[in-house]
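Position chains C and L against the provided structure of chain H, taking the given hints into account.
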Amino acid sequence: MTLALENIVKAFKKDVVLDGVSLSVDSGETLVLFGPSGAGKTVLLRLIAGVIEPDEGTITIQGRDMDGVEPEDRGIGMAFQNFALFPHMDATQNIAAPLTARNMSKSAITETVNRIARMLKIEHVLHHKPKELSNGQKQRTALARALAGEPDILLLDDPLRNVDAKLRFEMRLELPRLLKDQNATVIYVTQDYKEAMALGDRIAVMNAHGIEQTGTPSEIYLAPANIEIARLFGDPVINLLDVIPEQTEGGMRITLSGVPVPIDGGYGEVAGRACIVGIRPEALRFVAEGTADAIPLTIETETPLNEKTVTLGLTKNGREIMVSRPAGTPGPAEGTGFIAIDATHVHLFDRATGNRIVPTERHTARSQGAA
Amino acid sequence: MNTTSPLERVLRGIAITLVILFFMFPIFWIVLMSFQTNATILQVPPSIFFEPTLQNYRGLITGQLVTDTSSLEIKFMGNLFNSLFLSTTSVAVGLVLGVPAAYAFARLKFRGSEDIAFTLLSFRFAPPLLVLLPLTIYFQQLGLANTYGGLIWVYQLIVLPLILWIVRGYFEDIPADIEYAYRIAGHRWWTTFRKIALPLAGPGIAAAALLAFIFAWNNFIFALVLASADKQPVTVGALAFITASGVQYGQIAAGIILSIAPTFALALYAQRYLVEGLSLGAVKG
Amino acid sequence: MTVLLKLAGVDKFYGPIGQGVHAVQNIDMDVMKGEIIALLGSSGCGKTSTLRMIAGFEETSRGTISLAGREVQTLPPVRRNVAMAFEGYSLYPTVTVGENIAFALKAAKLPAAEVDAKVKEVTEMLEITDILHRYPTSVSGGQQQRASLARALIRDADLHLLDEPMGQLEPQLRTLLRGRIKHYIKERGLTAILVTHDQTEANALADRIAVMEGGVLQQFATPQTIKEAPANLFTGTFVGEPPMNVFSAQASDGGGQLQLDLGDGVHLNYASDAFAPEVRATLLARKDIMLGVRPYAVQRDTAGAEAQVIANQWLGDQSHIAATFARGTIVLVEHDRADVAVGDAIRVRLAPEDLHVFDKDTGAALSHGTHLA
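Chains as they are written, first to last, in the numbering used here: chain H, 1079 to 1449; chain C, 3 to 287; chain L, 1044 to 1416.
Just chain H, with the same shape it has in the complex (with noise of 0.2 Å):
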C-alpha cells in the first residue's frame, strides 16, 4: 500500500468539508476521486500534497507518516485543474522545475525534458511562455511537469477540465497509457464519469458526506451502493420508477403501466416494500406491438447523443422512460412504441433509505475486471 488516509478531517472556519475520510491506493494503481463539485475531492488532494494540512487523521506515504513533511520531501507531482504554470518561465523551465530542484546536470535536464516533451507531444513550443500556449498545450505541459520528476505519486486534479472536448477525448484514451509507463500511484480527480470509468482501475466516489463506495468501474456501474451514484454514473441518466413489488406465484415481480416486470428472484423480503426501481436506459429496448409483456409507451420526443439515440417517452400513468439505443438501429420517432425491459439488468432501491437492495442468489458482474 502506497498511500493511505485515515479518518481525515478538514474544516475551513465552521465549514466541515472532510469528516473523517479514509482511504488507500495501491501501488502503481490509478483511483479515480468521482464526485460532484463540493465533495471535497481538491482538498484532499492538496492534503496528500501537504499544501495544507489535516485538523485530524493521519496520511501515510510507503508508511511513512506526513504529519510535518514539507510538500517538497513528499515524492508527489501534481497537475492542477487551472494548469498553476509558471508564468514568467518558458515550457522548457516548467517542465524542468522538479529536475531543477535535485542539482541534476544541465545535459541531463534538456534530456528529460524532450523525453518528456516528445511523449506528450509539445516538443515544438518548449521555448513559448505559457500565454503563447494553447490550453490544450498548457494542459500538457503541466502534465509533463507533474510527470518529469518520476513522483512516485501522481495527483491530477481535474485535468481536462479546461480543454475541449476533442482533446479531451483524446487524452482520455492516451492517459492510461501514459500513466502505466511512469508506473507511479496516481489520484486523478474528475466529475466526468466518463473519464471516472475510462481511467479507473477503482473509483471512489465522493459527495459532501464522504466516500459513498469504492469499487472498479464494473462494480459502480452495475451494482451502484445507491441512488445517488446509480444517477451520477451513465448517460442519459438513470430511469427511476417508484414500485411496490409483490410475490406471485410466477416470483417476485413489479407492475410497470400494468404491465407485469418479473424480477430477480434473490430478492427475498421485498414484497409490500416502497421501492424505486432503477432501469438503465440501454437495459430498454424497442420491440414489435403485441409482444408479450411490453410496455406501451407515447413518444414524446428522440434526441441523438454520440452514436446513441435517445427516446423520451411517457408511459400510461404520465412517467417519463429514456430509452437509448444505438445510432442507426430502428425504433420509433413517435407515436407509441413498445419497449421490453432486461429483468437482469433492474436494479431496485429501497425508497426510504435509496440504497440499493442487494440480491441474494444472484452473481453480479463484480469479478469482472476494469475495462
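Derived by calculation from the structure, the hints in this document are not laboratory data. Each statement offered as a hint is correct.
Listing some non-contacts, in silico: residues in chain H with all C-beta distances to chain L over 10 Å: (1) D1143; (2) S1185; (3) G1214; (4) H1287; (5) A1352.
Per the computed footprint, the stretches of chain C lying under chain H, defined by three or more beta-carbons under 8 Å from a beta-carbon of chain H, are: (6) 175-184; (7) 196-206.
Footprint (simulated), chain H over chain L, 3 or more residues, beta carbon under 8 Å: (8) 1241-1247; (9) 1353-1366; (10) 1374-1385.
Each residue gets a CB set at the ideal place from its N, CA and C atoms; glycine is no exception.
The following block gives chains C and L in isolation, referenced to the frame of chain H:
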C-alpha cells in the same frame, strides 16, 4: 455601435488638448522661469519671449546665489545629494523589510495578522506633527538627531506602510497554486519565494518603490525638524531661496526643475515596466 | 413551411466596416417556422455575434435580417418580438425566480390565472418549481440557467434565441431536459435558434445545424447530413463524438484495384467497382488525399488491416477502443463491452461506403462513401 463621427473625434481631440494645457501649463511656465532673471519674471505683463539665461542653473551648481544686491552661498547641490541619498536608502531599507512582511501578510493567516497590518497602515493617517516633538527629544537623547540613520529610520514611517500594502496586494494576486506547484516540484519555500513570488510581484514592487521614493523625496516636515543644514534635502533647502532681499523666483524654478528631474527620470524609466503589468495568463484557462 | 427568418449577406465588423475584425462573414441563412436551429462552433467563431445581431444587441454591419416578413436589422431589440435566454443567466436579482419567469407575461397584461398556468407548465418541465419563491442569487448556477431558459421559453415571441442554454446544467439532468425542451418547443410550434459550442447539444436538439468557424458558415444542414456528408474536414471532425478518424493517404491504381496507402505499411485495397467511376477517377487524379472514417463505422474484420490496441475503455453502454494504425491512432466505438485488451492486435476494415475523402489542401469534401460529394 462603436463608430464615431468625425465631428465627435475632433471635439474629443480639442477637449483633451484643453485638459492637457490646463495641467501642463504650470510646469511649462516653471521651465520658462528657470531660464529667466528675476527681473524678466516679475515684469508686467509677463511675456514668453525673453533672452534665456543659464545664470540660475549656474548659481545652483556652483553654490553661489547671486542676487541683485549681494552674493549668498547656498548648498543646493548638497541638498540634492541628501534627497537622493535619503530617499534611495529609505526605499531600499523599506523594500528589504517590507517585501517579506508583505508576503507574510499575504500568505500566512496568523492570529492578529489583519490588526498588525492595519496598525502599520494607520501610521499614514496620523499627522506627522503629532509625533515630531517627542521624536525630536528621543532622537537627541539617542544621538540620532541630525544623522542620516535617524532620518532614514523616520522615513520608514512614510515608506514602509506604502510598500507593505501595495506589495501585499500583488502577492495576493498570485494564485497560491503556482507557488504550491513549485513547492511540490521539490523546492523549499525560500526558493519558491525568490523564484516565483518575487518575479511575479516584480511590477508591483517596482510600483511601490517608485511611489515610496516620491513620497520620501517630497517629505518636508521630518527633515525640517530633525536635520540641520548639512543633512537637509531639497524640500527644506529650498527655503534658502527666500532671502532677505526677496524671493529668488528664477532660482526656485531652476531648483524645482533639478529636483523633479530624478523622480521624473525614474518614473519614465519605470513606466514601461509598470505598464507591462502582471502576466498571469497561464493560470486562468 | 414558411421562411420565418432570413439572413442575407450579413456581415459583422468590429471596428470600421472593411477594416475592423471581420467576425461574421457574408452569412445567408433561411430558418423555417417551427424549426430548431443550432449555431455551432468553438469560441470566437462568430456564432454569438450572429445571434446578437438577430436579437438586435449588436449592430448589423452589412446585409439584411428579415423576421416574420419585415426587415429588422435597424430595429431595437424590443421591437423585434424575439425572446432570448442569456448565457450569463441575467435574471433580475431584485425579484424572485418566479417573478422573473412571469415578468414578460405580466408586462403584457395577461390574466393572472393564465400566467400561473404557463409558469407552472414551464417550471415543471425544467424542474424548478421548488425555487420559484427564492431569489436568483440564492440558487445554484444550473438552476439560474434553467430559470433563464424558462423566462425565454414562456414568452410568446416570433423567435426564441437561446445562448448556450445548458452549459451549466447538472450532467444528470442534461439529456432528460434536452428531450423535454425539444418536445416543448415542437409541441408549441416555436422557432428557436440556439448557440452552442457543444456538438452533442446541437445534435440532440436541432433540426438543422449551422457549423461556423472563423466567421464563415461552413455547413448548414441536418445532423444526419452533417454526419453522412460533411462539407469539409472541419465540419467532419468538429461534429461527432468520438471525433472522426482522419488519415492522410495516397491513392494509386494497383492493377485494377484502387489502392490507398496510409503509410506505415497500411495499404487498403478496394475492388475496381467499389466506388463510382467518377470517385475513382477523382481519387486517382488527386493522389494525395485526406481520408476520414467515423469511429462507429470502423469494423473489426479478420480480413482487415492490423492495428495495435492502446486503450479499451468501457463506459457502461459503449466501448471506446483506440489502436495505433498507419501513421496515427484509430478509434472504434462498439455498443457492447469489447473483449480486447491493451497490446492486442485487432484487424479493422474501412468499408468503401463509410469513407469520407477530403482535399488535402482545402479540406473540401471530395466524396462520401462511394459517391462524389
